[in-house]
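Participant: Which chain is which? The protein sequence lines are A and B, in order. The opening position of the first sequence corresponds to residue 1 in my numbering, with each subsequent residue numbered one higher. The opening position of the second sequence corresponds to residue 1 in my numbering, with each subsequent residue numbered one higher.
These aren't lab readings, by the way, just hints derived from the structure by calculation. Incorrect hints may appear among the rest.
Here are some, though not all, of the chain B residues that point toward chain A, as calculated from beta-carbon distances under 10 Å [to be verified]:
no., residue
1, T75
2, D166
3, A228
4, L251
5, A269
The C-beta atom is built at its ideal place from N, Cα and C for all residues, glycine as well.
There are 2 protein chains.
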Amino acid sequence: MRIGLDVGGTKTDVVAVDDAGAIIGRLRVATGWGPDAVVDTVVDAVRALGSETGVDLGAVRSVGVGIPGQVEPGTGRVVHAVNLGVDELDLAAAVSPRLGVPVRVENDVKAAALGAHALHAVSGPPPRSMAYLNLGTGVAAGIVSDGTLWRGARGAAGEVGHISIDPNGPVCRCGQRGCIEAFAGGGAIAERWGRRSALPVRDVFDAADAGDPSAQRLRAGLARGVAAAVRVLVLTADVDIVVLGGGVTALGDRLMTDVAAELSASAEASPFMRSLHLAERVELLPPGSPAAALGAALVGAEGDATHDTEEALVHG
Amino acid sequence: MRIGLDVGGTKTDVVAVDDAGAIIGRLRVATGWGPDAVVDTVVDAVRALGSETGVDLGAVRSVGVGIPGQVEPGTGRVVHAVNLGVDELDLAAAVSPRLGVPVRVENDVKAAALGAHALHAVSGPPPRSMAYLNLGTGVAAGIVSDGTLWRGARGAAGEVGHISIDPNGPVCRCGQRGCIEAFAGGGAIAERWGRRSALPVRDVFDAADAGDPSAQRLRAGLARGVAAAVRVLVLTADVDIVVLGGGVTALGDRLMTDVAAELSASAEASPFMRSLHLAERVELLPPGSPAAALGAALVGAEGDATHDTEEALVHG
Numbered sequence: 001m002r003i004g005l006d007v008g009g010t011k012t013d014v015v016a017v018d019d020a021g022a023i024i025g026r027l028r029v030a031t032g033w034g035p036d037a038v039v040d041t042v043v044d045a046v047r048a049l050g051s052e053t054g055v056d057l058g059a060v061r062s063v064g065v066g067i068p069g070q071v072e073p074g075t076g077r078v079v080h081a082v083n084l085g086v087d088e089l090d091l092a093a094a095v096s097p098r099l100g101v102p103v104r105v106e107n108d109v110k111a112a113a114l115g116a117h118a119l120h121a122v123s124g125p126p127p128r129s130m131a132y133l134n135l136g137t138g139v140a141a142g143i144v145s146d147g148t149l150w151r152g153a154r155g156a157a158g159e160v161g162h163i164s165i166d167p168n169g170p171v172c173r174c175g176q177r178g179c180i181e182a183f184a185g186g187g188a189i190a191e192r193w194g195r196r197s198a199l200p201v202r203d204v205f206d207a208a209d210a211g212d213p214s215a216q217r218l219r220a221g222l223a224r225g226v227a228a229a230v231r232v233l234v235l236t237a238d239v240d241i242v243v244l245g246g247g248v249t250a251l252g253d254r255l256m257t258d259v260a261a262e263l264s265a266s267a268e269a270s271p272f273m274r275s276l277h278l279a280e281r282v283e284l285l286p287p288g289s290p291a292a293a294l295g296a297a298l299v300g301a302e303g304d305a306t307h308d309t310e311e312a313l314v315h316g
Numbered sequence: 001m002r003i004g005l006d007v008g009g010t011k012t013d014v015v016a017v018d019d020a021g022a023i024i025g026r027l028r029v030a031t032g033w034g035p036d037a038v039v040d041t042v043v044d045a046v047r048a049l050g051s052e053t054g055v056d057l058g059a060v061r062s063v064g065v066g067i068p069g070q071v072e073p074g075t076g077r078v079v080h081a082v083n084l085g086v087d088e089l090d091l092a093a094a095v096s097p098r099l100g101v102p103v104r105v106e107n108d109v110k111a112a113a114l115g116a117h118a119l120h121a122v123s124g125p126p127p128r129s130m131a132y133l134n135l136g137t138g139v140a141a142g143i144v145s146d147g148t149l150w151r152g153a154r155g156a157a158g159e160v161g162h163i164s165i166d167p168n169g170p171v172c173r174c175g176q177r178g179c180i181e182a183f184a185g186g187g188a189i190a191e192r193w194g195r196r197s198a199l200p201v202r203d204v205f206d207a208a209d210a211g212d213p214s215a216q217r218l219r220a221g222l223a224r225g226v227a228a229a230v231r232v233l234v235l236t237a238d239v240d241i242v243v244l245g246g247g248v249t250a251l252g253d254r255l256m257t258d259v260a261a262e263l264s265a266s267a268e269a270s271p272f273m274r275s276l277h278l279a280e281r282v283e284l285l286p287p288g289s290p291a292a293a294l295g296a297a298l299v300g301a302e303g304d305a306t307h308d309t310e311e312a313l314v315h316g
């Protein structure tokens, strides 16, 4: 059995996965703020999963953690997890001795990509390649090919949010102008909308429906940014499908309709784009999907494989 | 021994590669126009390599062909090789019986990516991942990771030339507006420059140096398009390095200086972009490099590997 956790800014999602890959227990707990509290959150969440869902923690072989921040490839070190108040934290080293099992850490979007791929396999043959495009506060993607996460050379794989699509577009928090994230990031939209609420993009859509021109501009920008990210992912990595997830996708069909219209417009202008059938290749992760936590459990399981390989390298 | 051919719009480059991967013979011949002439070109080029360089054709185990057009994955069928007057051609089936060895076909940019990767390995440890960005009439890339070509789901991998970076940019031949290729494609630049010559981009650079404002705009657009393609390749696939090749790179340092300045500008605006050290990750393929033909020879050799794997799957 494997445990996977998706440590979010406010909630942490934890699942237990059996050896066949099925989720046999799931729980959500509040996430603490700062390095020590994040470590406690992970440890407590695992223990609570045992006590509240009856999962036998003695049978756990690994723990995987998905976390919003840069994770140094191959280590359990997290840097710049700003939404969690973490500047730098060796999460695996802090958690593993307290739980008594190997712990692996991965960026949450990359973990969600693996999980979304695995969930696809439940309903049918998995796509050969897939991108998971996370529309949360920021915009980032994870790419899975032949079941393996594309990690890239220096941790920038999937950072499509910071590709500029308009030299006259809004300034992005990264400092560039017209980034995909400046159009489609939930944080950027909320900031430009300027009114607080639980899900500002929903207010933007409602106001756009009611005829508010500034809301209509923000809404059009969101669709434009998402469509651009889909095009980038297909025209670079040529993934079979792009799965959308993250907080902004709570808009569901309202978002999908706008994105499909935007993709259709470029297909209408261009026979080449038309040949790519982009609108048909975009899917929505169901709300409340355990993709990120499930993917984290798969990342934890990767540890065994790496360990075997390393041993083979040493002894073989 | 393997033979590799790079079938270009005017010239075909053919190399013989020994089992250690070293080039032991090379020849250039004129390319014929239309399907039959292209088939003859390939057959004649191989025979000429034997007669003119002394390479023993009896020892050839495979022939690989790189060709500008869409190649259906896993087959030898080429479609839309417009620069060669080929609408549709089963090149492998036409050539193989005449040469008496297995023939494999690949898109020329993808083949060049494999070859550029192999040439890197000669001068030191090869990069774990690499993109080859071809700046020819059009703009397209090939991505190599762990020595393997990223082919993608439907043949669109590396088609970064048709990502739009400016909604108010020039109309691309694909029908969209502001595509990277509309800024950085040699064909698009030549068309907007409007004066015929062997290498219009060189005239554009010379005129820009002499103070011509329209040439300066075209020149700035070229750098902007190339820099955007580099950003797309790193922010999506996070390749270690991006190698530039193709006809436009005959500009050499004049092009590289402009591209480096453009990349530095975005690094100055953005700490995130700065952390990627993009300017240091861009390299130029040496003029006259045999990358494309060498890569085609490697594609030809892949046939064996696939065969072995298939056998292993059947018998193992």
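Participant: Run every hint past the structure and note whether it holds.
Facilitator: Do the hints match the structure? See the list:
1. The interface hint given for B:T75 is violated, since its Cβ lies 17 Å from the closest Cβ of chain A, which is over the 10 Å cut-off.
2. Taking 10 Å as the C-beta contact cut-off toward chain A, the hint placing B:D166 at the interface holds, the least distance being around 6 Å.
3. A hinted interface residue such as B:A228 counts as satisfied when its beta carbon comes closer than 10 Å to some beta carbon of chain A; here the least separation is about 7 Å, so the hint holds.
4. The beta carbon of B:L251 is not positioned within 10 Å of any beta carbon in chain A (closest approach about 23 Å), and the interface hint is therefore violated.
5. Taking 10 Å as the C-beta cut-off, the interface hint given for B:A269 holds, the closest approach to chain A being about 4 Å.
The structure shown violates the earlier hints numbered 1 and 4.
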